[in-house]
Amino acid sequence: MDLVSGYKGVVGLVFGNEKSGSSNEDSYVERLLDCISNGKLSEDRRTAMLELQSIVAESSNAQLAFGAMGFPVMMAILKEERDDVEMVRGALETLVSALTPIDHAKGPKNEIQPALMNADLLSGEADNISLLLSLLSEEDFYVRYYTLQLLTALLTNSPNRLQEAILTIPRGITRLMDMLMDREVIRNEALLLLTYLTREAEEIQKIVVFEGAFEKIFSIIKEEGGSDGGVVVQDCIELLNNLIRKNGSNQVLLRETIGFDPFMSILKLRGSTYSFTQQKTINLLSALETLNLLIMGGSEADHGKDANMLTNRTTLVQKKVLDHLLMLGVESQWAPVAVRCAALRCIGNLIAGHPKNLDALASKFLGEGPQEPALNSILRIILRTSSMQEFVAADYVFKSFCEKNADGQTMLASTLIPQPHSMAHAPVEEDVHMSFGSMLLQGLTLSENDGDLETCCRAASVLSHVMKDNIQCKERVLRIELEAPTPSLGAPEPLMHRVVKYLALASSMKNKDGKSSGNSYVEPIILKLLVTWLSDFPSAVNCFLDSRPHITYLLELVSNSSTTVYIKGLAAVLLGECVIYNKSVESGKDAFTIVDSISQKVGLTSYFLKFDEMQKSFLFTSARSTQPRKQLTRSASASMVEIEDVDENNLLDQKNEDHPVLSSIFDAPFVNLVRSLEVNIREKIVEVYGHPKSKVAVVPAELEQKSGESDREYIKRLKAFVEKQCSEIQDLLGRNATLAEDVATTGGGSSYARPEQGAGSDRVQVETLRRDLQEASKRLELLKAEKAKIESEASMYRSLAGKMESDLKSLSDAYNSLEQANFHLEKEVRGQQGVGGSLSVPDVEGIRAEAREEAQKESEAELNDLLVCLGQEQTKVEKLSARLLELGEDVDKLLEDIGEDLGLPADGEEEED
Amino acid sequence: MSYDYLFKYIIIGDTGVGKSCLLLQFTDKRFQPVHDLTIGVEFGARMVTIDGRPVKLQIWDTAGQESFRSITRSYYRGAAGALLVYDITRRETFNHLASWLEDARQHANPNMTIMLIGNKSDLAHRRAVSKEEGEQFAKENGLLFLEASARTAQNVEEAFIKTAAKILQNIQDGVFDVSNESSGIKVGYGRPQGPSGSNGAVAQRGGCCS
Chain A
1 MDLVSGYKGV VGLVFGNEKS GSSNEDSYVE RLLDCISNGK LSEDRRTAML
51 ELQSIVAESS NAQLAFGAMG FPVMMAILKE ERDDVEMVRG ALETLVSALT
101 PIDHAKGPKN EIQPALMNAD LLSGEADNIS LLLSLLSEED FYVRYYTLQL
151 LTALLTNSPN RLQEAILTIP RGITRLMDML MDREVIRNEA LLLLTYLTRE
201 AEEIQKIVVF EGAFEKIFSI IKEEGGSDGG VVVQDCIELL NNLIRKNGSN
251 QVLLRETIGF DPFMSILKLR GSTYSFTQQK TINLLSALET LNLLIMGGSE
301 ADHGKDANML TNRTTLVQKK VLDHLLMLGV ESQWAPVAVR CAALRCIGNL
351 IAGHPKNLDA LASKFLGEGP QEPALNSILR IILRTSSMQE FVAADYVFKS
401 FCEKNADGQT MLASTLIPQP HSMAHAPVEE DVHMSFGSML LQGLTLSEND
451 GDLETCCRAA SVLSHVMKDN IQCKERVLRI ELEAPTPSLG APEPLMHRVV
501 KYLALASSMK NKDGKSSGNS YVEPIILKLL VTWLSDFPSA VNCFLDSRPH
551 ITYLLELVSN SSTTVYIKGL AAVLLGECVI YNKSVESGKD AFTIVDSISQ
601 KVGLTSYFLK FDEMQKSFLF TSARSTQPRK QLTRSASASM VEIEDVDENN
651 LLDQKNEDHP VLSSIFDAPF VNLVRSLEVN IREKIVEVYG HPKSKVAVVP
701 AELEQKSGES DREYIKRLKA FVEKQCSEIQ DLLGRNATLA EDVATTGGGS
751 SYARPEQGAG SDRVQVETLR RDLQEASKRL ELLKAEKAKI ESEASMYRSL
801 AGKMESDLKS LSDAYNSLEQ ANFHLEKEVR GQQGVGGSLS VPDVEGIRAE
851 AREEAQKESE AELNDLLVCL GQEQTKVEKL SARLLELGED VDKLLEDIGE
901 DLGLPADGEE EED
Chain B
1001 MSYDYLFKYI IIGDTGVGKS CLLLQFTDKR FQPVHDLTIG VEFGARMVTI
1051 DGRPVKLQIW DTAGQESFRS ITRSYYRGAA GALLVYDITR RETFNHLASW
1101 LEDARQHANP NMTIMLIGNK SDLAHRRAVS KEEGEQFAKE NGLLFLEASA
1151 RTAQNVEEAF IKTAAKILQN IQDGVFDVSN ESSGIKVGYG RPQGPSGSNG
1201 AVAQRGGCCS
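Taken in sequence, the protein lines are chains A and B.
Using the numbering used here, read the first sequence as starting at 1 and increasing by one per residue.
Using the numbering used here, read the second sequence as starting at 1001 and increasing by one per residue.
Among the hints, a few may not be true.
Claimed, not checked - Within a straight-line C-alpha distance of at most 27 Å, the following computed BS3-like cross-link-like pairs (lysine-lysine) qualify:
hint : chain 1 : residue 1 : chain 2 : residue 2
1    : A       : K222      : A       : K356
2    : A       : K319      : B       : K1029
3    : B       : K1029     : B       : K1131
4    : A       : K719      : A       : K706
5    : B       : K1029     : A       : K356
6    : A       : K246      : B       : K1162
7    : A       : K724      : A       : K778
8    : A       : K501      : A       : K356
9    : B       : K1131     : B       : K1162
Honestly, the hints are just simulated from the structure, not real lab data.
Chain A with its partners taken away, still in its complex shape:
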């Protein structure tokens, strides 16, 4: 590589600064290419090639320029100048450089990436790939080496295109496979290439297996020393995992013709079992991943694949894989936590739902000298480990062991026999001889003295698996009674009551601190135990309710604002179980009482809100979706191993509610149980309200007086009956009031952001109320319509009556007038008959005289008036004449003139006279 640095100098000289402009680089690349393709002297061409390689390796502008012009030139060399090994090497190396991204910390991110573009250009033509594959048969080591590097670079940049291209090239994959038998450097390079090539490409996976990949992989692993080997072993296992991932056909081939032995020898610890290097840890983790791929199948529920997976489980356990796993997960004290956890999870996966494997695990014994059942050892891990992850993984083994395994549960539960108090606190070192049950009970009660409930809740988790869906086991555990911590303090108490006490203790401890102390899962785990216990088991409900404070405590827990949604939710579920599985008729313990206290102390709305809040939480929504597969790539795996350890420290610091332990508590079956319980609880509570205590059965026949009954007795009986009804009405009124209150708060509840789904029961009640309302209003509507109809009818009749009346009146009027007319006429007739014609003449004479008299009087009065007027005029004339005389006027003449003027009226006056 001295040469390269030398050329770097030349390039530096030519360009000075790299930023001096891309056109310079363009033309320089062009010049070099021209020299390579047209140069006469082979020496010049080789020099040009070297120079081109070094500049393409350094400058992205040069990469860009090379991509635009260089490929045909390089391909021509690879095609036609095979004999010139040096040129072929140079061309390949240049191509590799052109496809290798240059890290530009300074460059903007969104800049086009020339390396990517070049990969795209090169892989665009299938001929190019076929040409490259043919180079793998070349003698020269570097040619093969660079070709593999080039193919790997192409695969990382455009995997799909290359995968497709390689499938269409006859014997393309065969050539690659042959590289696995090549020299070590080539082989390792080929392993990486094949790993990329087989990723999510089923057909390629099958061809690679057809070409004998499994044999080669296992022989390399063996050569390299199994799990103690280096990174090559990791690469091999990664390729192996690619080949069997979701590929049933290849799994069958591995099982039927290679067998699982070579694989399992990777898991076998040999030599220095106490030294676990990081590489060994990664190798083992990868191999455990292989195991999981074989026993977990694909995510799709394909029946054929399911059968294949079951056969894998059977075969693996027949091959004693459990021994290796128990060694890694339980016995080896030096195995890193990550490996131990992965091994435990594999054990869980191997046995889940597989009767034979369940038996196989149950009958395993561990230890040298005094042996103990493997399950006891795993329980001890649960109770003692300081690692949260390990607890969860070991707990998973029990969860898998108990799932649909009634016999196994019974076997475990049969050993649950309480020890005398003195023995329960014997030194733990001696517990190799302890039975499973004793250890569990001891774990459950161990911590009550030091106040640390960690061990208690872990034991509770195991106990809940043992009882899940198994009435016999629930019953057995229910019968367990514990001595009081200090024997002097009263009688022994049922285990259940002790458990509730621990629950209360856990929450009170938290309250004291004012903050949750890392163990945010203690209460949920204990609550889960109780929820599992009470589920479908009235005797447990009865026992739980034997102590009155229990319900009060639960109610407090539900309404406590400082607890998490999970605690509130689970407490609500537990309360609900006390309702739906309540067979008690005792007052104070029956379902009605509990529903009443829920609605009084918590309120139904807010009670059901707890379910909703829990359902909405992340854990519930994520419980069903399967976790995405973590790919154990070289880079990822190294960091993973470190993370495993770091994780735990972080978790203790975080007051994160969605704790990993919580997510294992809320597994899919439990989430489903809670969901189905919730539905039942809602229905039951509505039912309780819908059909209240049937104290008074109203049978009409009873209200009748019985035949032999005296009146007094009858009255007494009726009175009693009425009293009963009265008290019931009181009850109902009370309940009604709470409901109304609830409804009222629901109505106004929008202010505190009620979820869309709403509290179910309120919804149910609101629904019924609304339905009632609708019905009532419908009836009202109907009545209104009827009323209107009747009204209109009435008014019609009224008007009809009025008309009739008026008709009648007019008729009678007509009759009256007729009668009157008749009367008049009769009278006239009579008058005319009596007086005859003598009356008319004197009458006319009288009237005439009267009229004349009247007219005379009238004219006399008028005459008097005129005379007065005349007199007044006369005096006026006299006065004026005198005045005129004084003024010297000729009065006579003036008077004459006036006389002429007034002549006519005076004449008129006189004429009237």
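Got chain A; can you put chain B on it based on the hints?
Relative to chain A, chain B alone:
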């Protein structure tokens, strides 16, 4: 799991002639009247005994559809035996044999043993290809021949076993270089050689693959 030899087989032929059913009958001893179209290739395996020697058969059942040809061709080279299947009730599947054979000759190991199978012999009433024609074609091209029925299992065992016997015969005749990966033959490891124990070539190569 131990065997003296391991032979790789492929099953080829037109789509719908019953390749997958023949394999299922051979490996699982059952018949599935409705079978999904094979995508790419499927794998099956079974142990048989030939001349008292345990022989493992690895069988790749290929998709008959044209669109998968480029994929299925990848399996030709590494196979020691091929079952070339046609349907006696469909003439065209017989007519296509020549092109299948050409494909095989082009991509496969020249020493590959080919067994021609006229499948669905239970449907004699709908026969479109006579047994004689099949025999004739096999003879002309140097193939083994059997008429078989995946439904009734008639001749199914025989077809696989006769092919294996022929391959074994070829090995003993020294036709194969069994150390060559591409022969489709592997010698079992960690196991004493068969009862005859006379085969020098085999003894020589024992354990080469471990």
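Evaluation of the provided hints:
1. Proximity of K222 of chain A to K356 of chain A is assessed by CA-CA distance (about 31 Å); at most 27 Å being required, the pair is judged violated.
2. Among the hinted pairs, K319 of chain A with K1029 of chain B is consistent with the structure: their alpha-carbon atoms are about 26 Å apart, no more than 27 Å.
3. A C-alpha spacing of about 25 Å is found between K1029 of chain B and K1131 of chain B, which places the hinted pair at or below 27 Å, so the restraint holds.
4. A hinted pair counts as satisfied when its Cα atoms are at most 27 Å apart, and K719 of chain A with K706 of chain A qualifies at roughly 15 Å.
5. The suggested pairing of K1029 of chain B with K356 of chain A holds, with an alpha-carbon distance near 25 Å, which does not exceed 27 Å.
6. With a C-alpha separation of about 34 Å, the suggested pair K246 of chain A and K1162 of chain B falls outside the 27 Å cut-off, and the hint is violated.
7. For the given pair, K724 of chain A sits about 33 Å from K778 of chain A by alpha-carbon distance, which is inconsistent with the 27 Å threshold.
8. For a cut-off of 27 Å, the pair hint linking K501 of chain A to K356 of chain A is broken: about 39 Å separates their Cα positions.
9. Annotation: proposed proximity of K1131 of chain B to K1162 of chain B holds, straight-line Cα distance about 18 Å (limit 27 Å).
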